[in-house]
Amino acid sequence: MCLGVPGRVLAIDDEGGLPMAQVDFGGIRRDVCLVYLPETQVGSYVIVHVGFAITEVDEAEAQRTLEVLRTMDGDALAAELGEPAPGSGVATTPSPGLP
Amino acid sequence: MKYLAEYRDPVLARRLVHEVCATATQRWSIMEVCGGQTHTLVRQGIDEVLPVRMIHGPGCPVCVTSLEVLDRALAIAARPDVTFVSYGDMLRVPGSSTDLLALKARGADIRIVYSPVDAVRLAVANPDRQVVFFAVGFETTAPANAMALLEAVRRGLENFSMLASHVLVPPAMTAVLEAPDCQVQGFLAAGHVCAVMGWAQYEPIAAKYAVPIVVTGFEPLDLLEGILMTVRQLEQGRAEVENQYARAVRRDGNRPAQLALERVFEVTDRTWRGIGAIPASGLRLADEFAAYDAELRFDVGDIVAAENPLCIAGEVLQGTKNPTDCAAYGRICTPRSPLGAPMVSSEGTCAAFHRAGRTA
Ligand code: SF4
Numbered sequence: 066m067c068l069g070v071p072g073r074v075l076a077i078d079d080e081g082g083l084p085m086a087q088v089d090f091g092g093i094r095r096d097v098c099l100v101y102l103p104e105t106q107v108g109s110y111v112i113v114h115v116g117f118a119i120t121e122v123d124e125a126e127a128q129r130t131l132e133v134l135r136t137m138d139g140d141a142l143a144a145e146l147g148e149p150a151p152g153s154g155v156a157t158t159p160s161p162g163l164p
Numbered sequence: 261m262k263y264l265a266e267y268r269d270p271v272l273a274r275r276l277v278h279e280v281c282a283t284a285t286q287r288w289s290i291m292e293v294c295g296g297q298t299h300t301l302v303r304q305g306i307d308e309v310l311p312v313r314m315i316h317g318p319g320c321p322v323c324v325t326s327l328e329v330l331d332r333a334l335a336i337a338a339r340p341d342v343t344f345v346s347y348g349d350m351l352r353v354p355g356s357s358t359d360l361l362a363l364k365a366r367g368a369d370i371r372i373v374y375s376p377v378d379a380v381r382l383a384v385a386n387p388d389r390q391v392v393f394f395a396v397g398f399e400t401t402a403p404a405n406a407m408a409l410l411e412a413v414r415r416g417l418e419n420f421s422m423l424a425s426h427v428l429v430p431p432a433m434t435a436v437l438e439a440p441d442c443q444v445q446g447f448l449a450a451g452h453v454c455a456v457m458g459w460a461q462y463e464p465i466a467a468k469y470a471v472p473i474v475v476t477g478f479e480p481l482d483l484l485e486g487i488l489m490t491v492r493q494l495e496q497g498r499a500e501v502e503n504q505y506a507r508a509v510r511r512d513g514n515r516p517a518q519l520a521l522e523r524v525f526e527v528t529d530r531t532w533r534g535i536g537a538i539p540a541s542g543l544r545l546a547d548e549f550a551a552y553d554a555e556l557r558f559d560v561g562d563i564v565a566a567e568n569p570l571c572i573a574g575e576v577l578q579g580t581k582n583p584t585d586c587a588a589y590g591r592i593c594t595p596r597s598p599l600g601a602p603m604v605s606s607e608g609t610c611a612a613f614h615r616a617g618r619t620a
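Chains as they are written, first to last, in this note's numbering: chain A, 66 to 164; chain B, 261 to 620.
Please keep in mind that the hints were generated in silico from the structure rather than gathered at the bench. Fair warning: there could be bad hints in the mix.
Covered stretches of chain A, going by a simulated chain B footprint (3 or more residues, C-beta under 8 Å) [as the list claims (entries may be wrong)]:
| # | stretch |
| --- | --- |
| 1 | 68-79 |
| 2 | 100-114 |
| 3 | 129-136 |
Computed spacing ranges between beta-carbons, pair by pair [what the hints assert, rightly or not]:
| # | chain 1 | residue 1 | chain 2 | residue 2 | range |
| --- | --- | --- | --- | --- | --- |
| 4 | B | Asp441 | A | Glu80 | 47 to 55 Å |
| 5 | A | Ile77 | B | Thr619 | 47 to 55 Å |
| 6 | A | Asp96 | B | Arg523 | 40 to 48 Å |
Selected chain A positions facing chain B (Cβ under 10 Å, derived; list incomplete) [what the hints assert, rightly or not]:
| # | residue |
| --- | --- |
| 7 | Gly82 |
| 8 | Leu83 |
| 9 | Met85 |
| 10 | Gly91 |
| 11 | Arg95 |
| 12 | Asp96 |
| 13 | Val97 |
| 14 | Phe117 |
| 15 | Ile119 |
| 16 | Thr120 |
| 17 | Glu121 |
| 18 | Val122 |
| 19 | Asp123 |
| 20 | Glu124 |
Idealized CB from N, CA, C, for every residue including glycine.
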């Protein structure tokens, strides 16, 4: 029950005084309460927990984190590990157990 | 879904594993507080490929809801005038003598909801029933539960009440650190708790105990990056609060949600199942809302709680033992017939181990 799931806001309306949104979770639609994220706009991504949007996903930050990971210094790693870094274009041995 | 595939990218995951291997000069012990993170770590086998020791923390609200509170919930739910409303994960958690699912099978009116707003809707739709909402959870869940209460008040619902037993993360981390045999050298803080509360609360803990704390998300790359950031701090002798989960967590958290918590609840001492009493580690309904407190509304007599003696959930929850150390694990305790709460909930460590097929 502790999980929060990201979804995209499709529409915003009002249920007897409570701000509500229709949110799409990869094809599944749910009513979500926006009372804690009143500034939310249609089209933004929110993280939803037990039917309440608790935070907005900052797309620029999401991209920035991925960029940092993508530019992680593969060559230094290869030297350290004695094998080419994954993603460097050379075949690698996969680590066990990971997706 | 946006940013789910990206944060599960296997190429980047391997790169992060290599980076952790290249950075760690010793086998650091890191606790992930949240049970949702435990599940991702165990399911993906991340804890088995890294040169760090992951200690699984007490962050499963279903597991730590005290047996006394659960027994009280069961007694209230058994009343013929009550419609008892709960999150689904609580249904199979064993009380001293029964569980909510067994009561339901015997005819008690017990409903599962996805959102606390649905509990309010049930009270509106059934004015002749006493609707009782079982409000458990950490700081992530408490604002939603608070809003259910405020809605019931706003709509003047006299047939709605709440059995509130919330728990708070920072006091639990402090309790782990204060334990005499504590082995935790760094923490992954639970990202969604911090989305609500921010992370300023963790700064005094990091400073006082000289322990790095990294606010971390829930996808495999989030966890790997959170672990890497923790290992870097440990290697460099730093003990700071850092935020891996910047796409979802801001320093100040969610102010409107915090205000609702302050309005509806008061901080209280709380007994954690299997762990014991932790000072100022819970939230209870504020006195102003006593009329909505199910504990006061329904007199169910004295509660005498008794745990199954085989269950070592307390040690599992504090990270001093693994589920596979428990004699009952996988033999007489399984998700189908659980002896203790961590085998039930989708966030419990015993259930995570069992689902991943781990053996001793
Ligand atoms: S395996 Fe079952 S009995 Fe053992 S600690 Fe976990 S929940 Fe308790």
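To see whether the hints hold, each was checked on the structure:
1. 68-79: Holds, because 5 residues of the stretch 68-79 of chain A bring their Cβ atoms closer than 8 Å to Cβ atoms of chain B.
2. 100-114: holds (count 7)
3. 129-136: holds (count 5)
4. B/Asp441 x A/Glu80: 47 to 55 Å: Distance hint for B/Asp441, A/Glu80 holds at roughly 51 Å.
5. A/Ile77 x B/Thr619: 47 to 55 Å: holds, 50 Å
6. A/Asp96 x B/Arg523: 40 to 48 Å: The hinted range 40 to 48 Å is violated for A/Asp96 and B/Arg523, with Cβ atoms some 24 Å apart.
7. Gly82: Holds: closest Cβ of chain B sits about 7 Å from A/Gly82, inside 10 Å.
8. Leu83: Holds. Min distance 7 Å.
9. Met85: holds, 9 Å
10. Gly91: Holds. Min distance 4 Å.
11. Arg95: Because about 8 Å separates A/Arg95 from the closest Cβ in chain B, which is inside the 10 Å limit, the hint holds.
12. Asp96: Status holds, d = 8 Å.
13. Val97: holds, 8 Å
14. Phe117: With a minimum Cβ separation of about 4 Å from chain B (threshold 10 Å), the hint on A/Phe117 holds.
15. Ile119: Hint on A/Ile119: holds, closest Cβ of chain B at ~5 Å, below 10 Å.
16. Thr120: It holds, given that the least Cβ distance between A/Thr120 and chain B is near 4 Å, below 10 Å.
17. Glu121: holds, 8 Å
18. Val122: holds, 5 Å
19. Asp123: This hint holds: A/Asp123 lies near chain B, its Cβ roughly 5 Å from the closest one there, short of 10 Å.
20. Glu124: Hint holds; A/Glu124 Cβ to chain B Cβ min 8 Å, cut 10 Å.
Hint check: a violation occurs at hint 6 only; the rest are consistent with the structure.
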